[in-house]
Amino acid sequence: KQEVTQIPAALSVPEGENLVLNCSFTDSAIYNLQWFRQDPGKGLTSLLLIQSSQREQTSGRLNASLDKSSGRSTLYIAASQPGDSATYLCAVDRGSTLGRLYFGRGTQLTVWP
Amino acid sequence: GAVVSQHPSRVICKSGTSVKIECRSLDFQATTMFWYRQFPKKSLMLMATSNEGSKATYEQGVEKDKFLINHASLTLSTLTVTSAHPEDSSFYICSARADPSTGRGQYFGPGTRLTVT
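These protein sequence lines are chains A and B, in that order. If you're matching positions, the first sequence starts at 1 in the numbering used here and goes up one per residue. If you're matching positions, the second sequence starts at 114 in the numbering used here and goes up one per residue.
These are calculated hints, taken from the structure and not from any lab test. All values derive from a computational prediction rather than experimental measurement. Hints may be right or wrong, so weigh each one.
[To be verified] Result set (PhoX-like, lysine-lysine): computed pairs, CA atoms no more than 25 Å apart in a straight line: (1) A:K1 to B:K155; (2) A:K42 to B:K155; (3) B:K168 to A:K42; (4) A:K42 to B:K133; (5) B:K155 to B:K177; (6) B:K177 to A:K1; (7) B:K133 to B:K177; (8) B:K127 to B:K177; (9) A:K1 to B:K133.
This is chain B alone, in the form it adopts within the complex (with noise of 0.2 Å):
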């Protein structure tokens, strides 16, 4: 199947600062990629969808000054959470979607645990 990575799997911040998580899709070119959250057994949310070149859509109540998408190519989304704080300790997960044409769903990546001390 198709591979989606996430990079890093884990950060600890201090509460105010940045953190930048990276969504690739490694063998395929994803023309939507989208961010989701998951609090502990819980469903995901989803927060944004992003195309390439272009501005994320956000879901209601999720604040696009505060969780930056950026989708700069086919293959590769960020999701950067500004001035972060201990409430945005999550599980934040991407998922690659190909071009419909091609047949394929869509791919997760293994996700990143956020924690904000």
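Okay, chain A solo, but in the shape it has when bound (with noise of 0.2 Å):
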């Protein structure tokens, strides 16, 4: 079975900071992954997909690595600003034929001015 782990659970900083939210999973065996943010009372916002035959994906601020053979990935997010406050998910695709996501539980990002 995945089981996806995210830390930190909870991260606050002052903005202009650089971060990294890390995220590890049990099986190494995946089709990709990708994370994700989530705003109070909202859906989910699809971030930065990384197949697994890639090692990193970058979008603006926000860089993604994996590390497939270590069942790693972190996202790192330059000079953080007050509206990168979200919940920061991410979820591996095992690749089945249903494709099924597994999340880790999150990091709750509050960017203070």
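Quick one: dock chain against chain with the hints and give me the complex.
So, in structure tokens, the structure goes:
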């Protein structure tokens, strides 16, 4: 069974800091890994998708890396802003026919001015 | 990015009534759709997986007769909460998965807040 863990559970920083959010998974046989953002009372917004054959993906101030062999992914947020405050979730797709995602519990990020 | 819509965004109903929630993928065909439930400050709990034209696969502990799922087309799935009770009050989120050969991941709807009085 695939288990996904995210560390830290919560993070509070002043704006401008560079941040690293961690995600680990127990089964390295994955199809892809996605990072999502969820604002309170809202659905999930896909931030970055890394295929199993890739090492990293970048979008603006966000960079996600994937080390499949060690079962780890990191989300790097550069020059954080108060608007980045949200819960960040990583999810692993094992690539089965059903294609269900296995989620971590998320990291709740607060960036204060 | 791809767009997935849910309707309604909020619904209040009385105990014993049924509520239908729609999930649509607006700009791609979803071979598979998923329904999740989320309690306050908790992560998402997968309820069921539906493939177009076939019966949904429910997770352990989820009553299939209470949470009816219909995946009528490659762009539409519906979740009907039958004989709703206050404990069914929750945030329901759907997601849609494109064909894996496209290299795309999953996209989530904005969620539906259900309140049963």
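The hints, checked one at a time:
Between the alpha carbons of K1 of chain A and K155 of chain B the distance comes to roughly 20 Å, so the proposed pair stays at or under 25 Å and holds. Between K42 of chain A and K155 of chain B, the direct Cα distance comes to roughly 13 Å. Compliance with the 25 Å bound is thereby established for this hinted pair. Straight-line distance between C-alpha atoms of K168 of chain B and K42 of chain A comes to about 28 Å, which puts the hinted pair past the 25 Å bound. A C-alpha spacing of about 19 Å is found between K42 of chain A and K133 of chain B, which places the hinted pair at or below 25 Å, so the restraint holds.
Straight-line distance between C-alpha atoms of K155 of chain B and K177 of chain B comes to about 23 Å, which keeps the hinted pair within the 25 Å bound. A distance of roughly 23 Å separates the Cα atoms of K177 of chain B and K1 of chain A; the hinted pair therefore holds under the 25 Å criterion. Among the hinted pairs, K133 of chain B with K177 of chain B is consistent with the structure: their alpha-carbon atoms are about 14 Å apart, no more than 25 Å. Between K127 of chain B and K177 of chain B, the direct Cα distance comes to roughly 21 Å. Compliance with the 25 Å bound is thereby established for this hinted pair.
For the given pair, K1 of chain A sits about 32 Å from K133 of chain B by alpha-carbon distance, which is inconsistent with the 25 Å threshold.
Hint compliance for this structure: hints 3, 9 are broken, all remaining hints hold.
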